[in-house]
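Trainee: One-letter residues, chain by chain:
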Amino acid sequence: MSGAMPMRPEYNSEAIQLRKRIAMLLSPGLLWLLVFFALPMFFVLRSSFDSFAGGVMTSDFTLQNYARIFTEPLYIQVLFKSLLTGLFVTVSCLVIGYPVAHLIARSTGKKRNLLLIGLVIPFWTSLVVRTYAWKLLLGTNGVVNYHLMQLGIIDTPLRMLFTTGAVVVGLVHVFLPFMILPLYASIEKLDASLEEASQDLGANAVQTFFKVTLPLTLPGVTTGCMLVFIMTVSSFLTPDLLGGAGNAMISNIIQSEFFGTFNWPFGSALAISFLLFSLLFVAVYNKFFNREQKG
Amino acid sequence: MLGRVTQKTWSMLVYLFLFAPILAVTLMSFNASRFSKYPPTGYTLDWYVDAFEDPAIVQAILTSAFIAIVAASLATIIGTLAAVAISRYSFRLHEFFRATFMAPLIIPEVVIAVALLALSANLNLQGGLPIVIAGHVLIGLPFVLTVVSARLHGLGVDVEEAAMDLGANEVQTFFKVTLPLAMPGVIAGLVLAFTISFDNFLVTYMTAGSGTVTIPIKIYSMLRFEVSPKIHAASTIVIALTVALMLLYQFFSRESEEKTH
Amino acid sequence: MTKFDVELDNVSKRFGEFTAVDNVNFKINKGEFFSLLGPSGCGKTTLMRMISGFEAPSEGTIRISGKDVTHDRPYERPTNLVFQHLALFPHLTIAENIAFGLRLKKLSNGEIDRRVDEMLELVRLPGLGNRKISQLSGGQKQRIAIARALVNRPAVLLLDEPLAALDLKLREQMQLELKRIQSEIGTTFIYVTHDQSEAITMSDVIAVVNKGKIEQMADATTIYEKPQSAFVANFIGETNLLEGEIASINGDATVVVVEGVPIKVKSVAGAHVGQKAHVSVRPEKIIFDAIDADSCNHFEAVIDNAIYMGNYTHYQMHLGQGLKLGIDVQNATHCERKSIGESVHIAWSADLGVLLPGEVQ
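Residue numbers (this note's numbering), protein chains in the order written: chain B, 6 to 300; chain Y, 2 to 262; chain G, 71 to 431.
It is worth saying that the hints were derived from the structure and are not from the lab. A couple of the hints might just be wrong.
As the list claims (entries may be wrong) - Distance condition first, Cα-Cα at most 27 angstroms in a straight line; then the derived DSS-like pairs of lysine-lysine:
no. : chain 1 : residue 1 : chain 2 : residue 2
1   : Y       : Lys231    : B       : Lys115
2   : Y       : Lys177    : B       : Lys25
3   : Y       : Lys9      : B       : Lys116
4   : Y       : Lys177    : G       : Lys176
5   : G       : Lys137    : G       : Lys73
6   : B       : Lys140    : Y       : Lys231
7   : G       : Lys137    : G       : Lys283
8   : Y       : Lys38     : B       : Lys140
9   : Y       : Lys9      : B       : Lys216
10  : G       : Lys202    : Y       : Lys177
11  : Y       : Lys9      : B       : Lys194
12  : Y       : Lys177    : G       : Lys175
13  : G       : Lys281    : G       : Lys296
As the list claims (entries may be wrong) - From chain Y, some residues computed to sit far from chain G (all C-beta separations above 12 angstroms):
no. : residue
14  : Leu46
15  : Val59
16  : Phe67
17  : Ile78
18  : Phe97
19  : Thr101
20  : Pro131
21  : Lys231
22  : Ala241
23  : Phe253
Claimed, not checked - Distance ranges between label pairs, derived from CB positions:
no. : chain 1 : residue 1 : chain 2 : residue 2 : range
24  : G       : Ile255    : B       : Ala20     : 32 to 40 angstroms
25  : Y       : Asp159    : B       : Arg73     : 57 to 65 angstroms
26  : G       : Pro196    : B       : Arg24     : 45 to 53 angstroms
27  : B       : Leu68     : Y       : Asp159    : 56 to 64 angstroms
Cβ coordinates follow ideal geometry from the N, Cα and C atoms, glycine included.
Could you put the whole structure together from the sequences, leaning on the hints where they help?
Mentor: Shown next, in the form of structure tokens:
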């Protein structure tokens, strides 16, 4: 009489009501994502199979756009360069940011709030403004060159703008807070007495860092690294404003297909490839690092 | 770690690095030299006067504010509803839906821009306000969801159950207890979404068309076509607005924390 | 009208594979102080959540004041709950918290004010209505949570370990306070707790819950003096739980052999010779004495340890064959503290032990 008994009607209608309520709460967001992302992505996918010649698009279901990405060395080079830049910027942010995150996490009260606000202000200041400001700093007559000459370190101004170096400095500057904030959250949760216990048991500061602090704050490290890497690889404005002709990254290439050559089919193919690449990267990353965090 | 002194010195240098561009722009906006020579030899407010007298700049700030208000409001409503579902109920595909709402955070902005461009081409729109707003809502959603979910999570379900136990049905519970208590989180989400929209560059740049000029786009185009220190003045105004908003956000998220304890 | 406020018929609750509540039946009289007592995870909280409407039973029926409420929503039931962490609304004042339920019933403002004041009187916090929740101490919050529930005049008030967060002194004070409030208003209380002394102090009836089942339901004296299972004997208070085999049954007198030692105990129905059984003897029932009567257990033992506990001393000792026992002796006078290694005579009347046939699951 237990297992085969049909569900009571009242009980059933409760479940239906609950499901209705959840659907009502989720549907505006899902609808928005569907109309303004999923559906348009379908248009992009469709147009990525079109061909483009002499400024005219034809729907003829071709794979030549995708073939071009993998055969023309330029695109592989840009991808490779973007990934390399991403890696370099990520590691730089981690090394530069960790001591700062640690300092914030281990301060208290007003001082901590001040340090956090100091991090959040540049974090949210207009990206365009922050990026072009580096032109004022790194230009031939800029602030850095002036002080270097004042100090007698150099005689003639250095050419710093429109180089890979300028792009990297700009990117580290833009994304550093994205690294420090998750690191801070992770270190803050770590009980300071664990570090003290390690030192009490005879580990010096360096050993304590590598044997206790770093392993226990790995979730923050992985979150920060993923955010910074993904954002760096897809950055547009910094290479656009601070880089030279050879410093274009993936987003710049895609943008120029749409607004420079107007080759939408090829731009679409690039966008689709970039999207798949990003999703794959995040999936693989989560697979590796989330398992580690849970274990 | 490191040694306290080294760590402090290092951190100060990092903060200097973070603030250097902001300080540079602010300094140059008061610099009397037309060519932004460093170090400044004199100070002036002329560039602010210039900026405020340039109708295009004023219009761009207003356009940005309008887009940000509309986009942030929509993102906050949509995101709050989703946050309630995701942090209060368990259902099939729960993780999938959460990941879907968070997706705009990891999808490259250029891809979102391309998608919206394709949409407006297929609808024969010339880009413009609706498409820009749609994109800004998309980008703001994960931020609202995160902030409001965190707030709801901190509240616990206890108070909602208490309301129901005292005779409030689901709808009454939501409006009398859940929403008032989640309010600091909702407002914090609104401010975040506003800031994100106000500062957005790439989606706006690629989808706005020529008719819609926001302040980041205006500054970007002035950099190319119109070298004048009033760029610095306009930029400093934008910085000041963002800082004010961020302080507001800090205030609400602090409020949010205090009320949970 | 039924004389029962709460009736549970064959109520079970399963979460997936796990059975949290397993075919529970009980009836609670009107105006009773009823406790659900058990270790954490025993199912007492699930029982309470089913009575208040936050969980629906997988099977069975729940009636409150004679009405079937099994599938009513929490807001449709004449029950109110005092939450473990109180769940006071931080965005409302004290008066607004208490008035919450009344406002939903659309009572007039005058009536609401009157009843809120009346409640503040009852919980002895008159005039605090305009304060914020954050301005209250732990004990005061407790009283407001009780007032907020009682103001709705529920048929049943459920309390989910509401005193667990308080320190010992305050907890004891609030126990008396709760008992006073209950006798003043006469509402049925269902009190959920894992603290046996709390249940013993306050309850008219205690239901001991273990692994989703009710092990025993009785008043405090019966639960303590006549436990029906080894679990109850062990969970309530301290006891010597001696495991052995029934060697003989002779009318009222049963002998259980434990580690070679014959222990005399009063017979119970349903036991038979050769059966495994426990004898439970409370440590305070055993005395230092050399009585040698038929109705008494009498042994020589060696003291292993003596622990001074203030009002009494706890002795750990072993009998010749190695059987270990614990004894509590009141420190009524200064004299007569035994020392470690000392040989002593101990005795207890056979009817002070409790025979619990069957194995412990």
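Trainee: For every hint, state whether the structure bears it out.
Mentor: So, going through the hints one by one against the coordinates:
1. Lys231(Y) - Lys115(B): Outside the cut-off at roughly 36 angstroms; violated.
2. Lys177(Y) - Lys25(B): Roughly 21 angstroms separates the two Cα atoms, so the pair holds.
3. Lys9(Y) - Lys116(B): Answer holds: Lys9(Y) to Lys116(B) is near 13 angstroms, not above 27 angstroms.
4. Lys177(Y) - Lys176(G): Holds, at roughly 14 angstroms.
5. Lys137(G) - Lys73(G): Holds, at about 12 angstroms.
6. Lys140(B) - Lys231(Y): holds, 16 angstroms
7. Lys137(G) - Lys283(G): holds, 24 angstroms
8. Lys38(Y) - Lys140(B): Given that 27 angstroms is the threshold and the Cα spacing comes to 12 angstroms, the pair holds.
9. Lys9(Y) - Lys216(B): Holds. Lys9(Y) to Lys216(B) sits at ~22 angstroms (cutoff 27 angstroms).
10. Lys202(G) - Lys177(Y): holds, 17 angstroms
11. Lys9(Y) - Lys194(B): Holds: Lys9(Y) and Lys194(B) sit about 21 angstroms apart, inside 27 angstroms.
12. Lys177(Y) - Lys175(G): holds, 14 angstroms
13. Lys281(G) - Lys296(G): holds, 21 angstroms
14. Leu46: Leu46(Y) is indeed farther than 12 angstroms from all Cβ atoms of chain G, at 45 angstroms.
15. Val59: Nearest chain G Cβ is 40 angstroms from Val59(Y), so the label holds.
16. Phe67: Nearest chain G Cβ is 32 angstroms from Phe67(Y), so the label holds.
17. Ile78: holds, 21 angstroms
18. Phe97: holds, 21 angstroms
19. Thr101: The claim holds: Thr101(Y) sits with its nearest Cβ about 26 angstroms from chain G, beyond 12 angstroms.
20. Pro131: holds, 37 angstroms
21. Lys231: Its Cβ never comes within 12 angstroms of chain G, the nearest being 47 angstroms, so this holds.
22. Ala241: Holds, because the least Cβ-Cβ distance between Ala241(Y) and chain G comes to about 33 angstroms, which exceeds 12 angstroms.
23. Phe253: Phe253(Y) clear of chain G: closest Cβ-Cβ about 15 angstroms, beyond 12 angstroms.
24. Ile255(G) - Ala20(B): 32 to 40 angstroms: holds, 38 angstroms
25. Asp159(Y) - Arg73(B): 57 to 65 angstroms: holds, 59 angstroms
26. Pro196(G) - Arg24(B): 45 to 53 angstroms: holds, 47 angstroms
27. Leu68(B) - Asp159(Y): 56 to 64 angstroms: holds, 58 angstroms
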